[in-house]
Amino acid sequence: MDNLDAIKQNLSSDLRRGTLLLIVLGALDQAQYGYSLIQHLDALGIKIEQNTLYPLLRRLEKQGLVDSEWMVGESRPRRYYKINENGRTMRTHLLQEWTKIHQILIKQDLGLEENHERLD
Amino acid sequence: MKDWIDRYLYQIEKRLPRKTRADLIEEIRANLYDELEANYGQEEASQDEILAFLKEKGKPEAVAASYRGSEQALISGSLYPVYWLVLKIALFASLLGITIAMTVSIIFGNQAPLAALADLASGIFQAGISAVGIVTIIFALIQRFMDPDELQQETEKWDPKDLPEVPAKKHELKRSEPIVAIVFLTLLIIGFNFFSDFIAMRYNTATETVVIPLLNQDVLAQYLPWLNLVWGTNLIFQIYLLIQGHWTSLLRIIKIGYDWVGLGLFLWIISNPDLFAFEGGMFEWMGLENGAVLDTMFGNMAKVGIAALILIITIETIKNIMRIVKK
Numbered sequence: 024m025d026n027l028d029a030i031k032q033n034l035s036s037d038l039r040r041g042t043l044l045l046i047v048l049g050a051l052d053q054a055q056y057g058y059s060l061i062q063h064l065d066a067l068g069i070k071i072e073q074n075t076l077y078p079l080l081r082r083l084e085k086q087g088l089v090d091s092e093w094m095v096g097e098s099r100p101r102r103y104y105k106i107n108e109n110g111r112t113m114r115t116h117l118l119q120e121w122t123k124i125h126q127i128l129i130k131q132d133l134g135l136e137e138n139h140e141r142l143d
Numbered sequence: 137m138k139d140w141i142d143r144y145l146y147q148i149e150k151r152l153p154r155k156t157r158a159d160l161i162e163e164i165r166a167n168l169y170d171e172l173e174a175n176y177g178q179e180e181a182s183q184d185e186i187l188a189f190l191k192e193k194g195k196p197e198a199v200a201a202s203y204r205g206s207e208q209a210l211i212s213g214s215l216y217p218v219y220w221l222v223l224k225i226a227l228f229a230s231l232l233g234i235t236i237a238m239t240v241s242i243i244f245g246n247q248a249p250l251a252a253l254a255d256l257a258s259g260i261f262q263a264g265i266s267a268v269g270i271v272t273i274i275f276a277l278i279q280r281f282m283d284p285d286e287l288q289q290e291t292e293k294w295d296p297k298d299l300p301e302v303p304a305k306k307h308e309l310k311r312s313e314p315i316v317a318i319v320f321l322t323l324l325i326i327g328f329n330f331f332s333d334f335i336a337m338r339y340n341t342a343t344e345t346v347v348i349p350l351l352n353q354d355v356l357a358q359y360l361p362w363l364n365l366v367w368g369t370n371l372i373f374q375i376y377l378l379i380q381g382h383w384t385s386l387l388r389i390i391k392i393g394y395d396w397v398g399l400g401l402f403l404w405i406i407s408n409p410d411l412f413a414f415e416g417g418m419f420e421w422m423g424l425e426n427g428a429v430l431d432t433m434f435g436n437m438a439k440v441g442i443a444a445l446i447l448i449i450t451i452e453t454i455k456n457i458m459r460i461v462k463k
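If you're matching them up, the sequences are chains A and B in order.
Quick note: to get the numbering used here, add 23 to the position in the first sequence (first position is 1).
Quick note: to get the numbering used here, add 136 to the position in the second sequence (first position is 1).
These are calculated hints, taken from the structure and not from any lab test.
Where a beta carbon is used, it is the ideal one built from N, C-alpha and C, also for glycine.
A couple of the hints might just be wrong.
Incomplete in silico selection of chain B near chain A, CB under 7 Å [claimed, not checked]:
(1) 161
(2) 166
(3) 167
(4) 192
(5) 202
(6) 203
Start from the sequences, fold in the hints, and give me the full structure.
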């Protein structure tokens, strides 16, 4: 059973990893620093490991999808991230992909609608 | 209290990619303090609270690894940058050594140019493969035996209280030191194991080139296991030093040990007159004009050289001891 739980955890995190990117891109219309983003996502109901989120922000910046800058006015210097034009284009593209996947799952009739109701 | 956070950050920092290290660690530091503040408020957290907080953050190795991307299996991600560096050094040193050795033997040999070039190419290929193999084996062993924590990904066993102190300024390591040592040791190991007859007197007769090695190969072979033991373990030591990125008192003591054991071994070996293929003076044996005078000069130079070597090692030892003792 433990083994099955571990597999479940692995598969869930695999599934989340791809979609997390979309959620993060969706949260960066306003500039956020690492911990403020964690709190923001937490309020939306998504718990993300810092070790997952912070490197992800770095990767997004390296890929040219978000911009960042150090702000020194507060209690300590913080690096703020904000989505840029490339990021928005990418977000639109990924949303289309996401919609496509969602539609396929509906067509497969796997009880997705029931799950939605349960979540609501 | 800040000390535990500094220790934690230091362990992360030294495992981050060099290029972005400074910037990354500042951001990690800011995030860490933000979270600490959110969890425990503006007031300074207690030691227990900080330790619990760090434990929850996870092992520094894991944090650093998340910034580096995927882990390598045989050589783990945190070892990989140093592995790559040492690999380049060893390749450079062994290729340099073999090119010099073979160029000399081509110049003095009677081989046809094409055959000689083919020999050189195959020699370079073999030396390259050996260098890659030896370095990879050493690193796989270091990963296996010297840093078991790195392999153990079970974070629950990890305790922030085990974090070592941030090394003092006096233990800073110049990276060039182990790098030069690695080049030198690689050249010595390859030179003495594969080209020990390279130091030789060469002269052409009407029909052939005569090569007489200056060192008696059979006698040298008796000492070779000792030389390999000292050089080989020293090579592992230098690589370990490069991975650590700083000295510790223990590492300095080991370094002092290596210096003196190396010197002792060297003096022990050269004190055996049978080691040299010639009797009496080398230049006289070669049949040079004024050979005897040259031999006396060479003998004196050798004595000065040995004295200088002892002096250098003594100074190094004193320096190391001072850094161990210094507060």
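Quick rundown of the hints versus the structure:
A hinted interface residue such as residue 161 of chain B counts as satisfied when its beta carbon comes closer than 7 Å to some beta carbon of chain A; here the least separation is about 12 Å, so the hint is violated. At about 5 Å, the closest approach between the beta carbon of residue 166 of chain B and any beta carbon in chain A falls short of 7 Å, and the interface hint on this residue holds. The closest approach between the C-beta of residue 167 of chain B and any C-beta of chain A is roughly 4 Å, which is under the 7 Å cut-off, so the hint is satisfied. Against a cut-off of 7 Å between C-beta atoms, the interface hint on residue 192 of chain B is violated, since the closest Cβ of chain A lies about 10 Å away.
A distance limit of 7 Å between C-beta atoms decides the matter here; for residue 202 of chain B the minimum to chain A is near 4 Å, and the interface restraint holds. Because the smallest distance between the Cβ of residue 203 of chain B and any Cβ of chain A comes to about 5 Å, under 7 Å, the interface hint for this residue holds.
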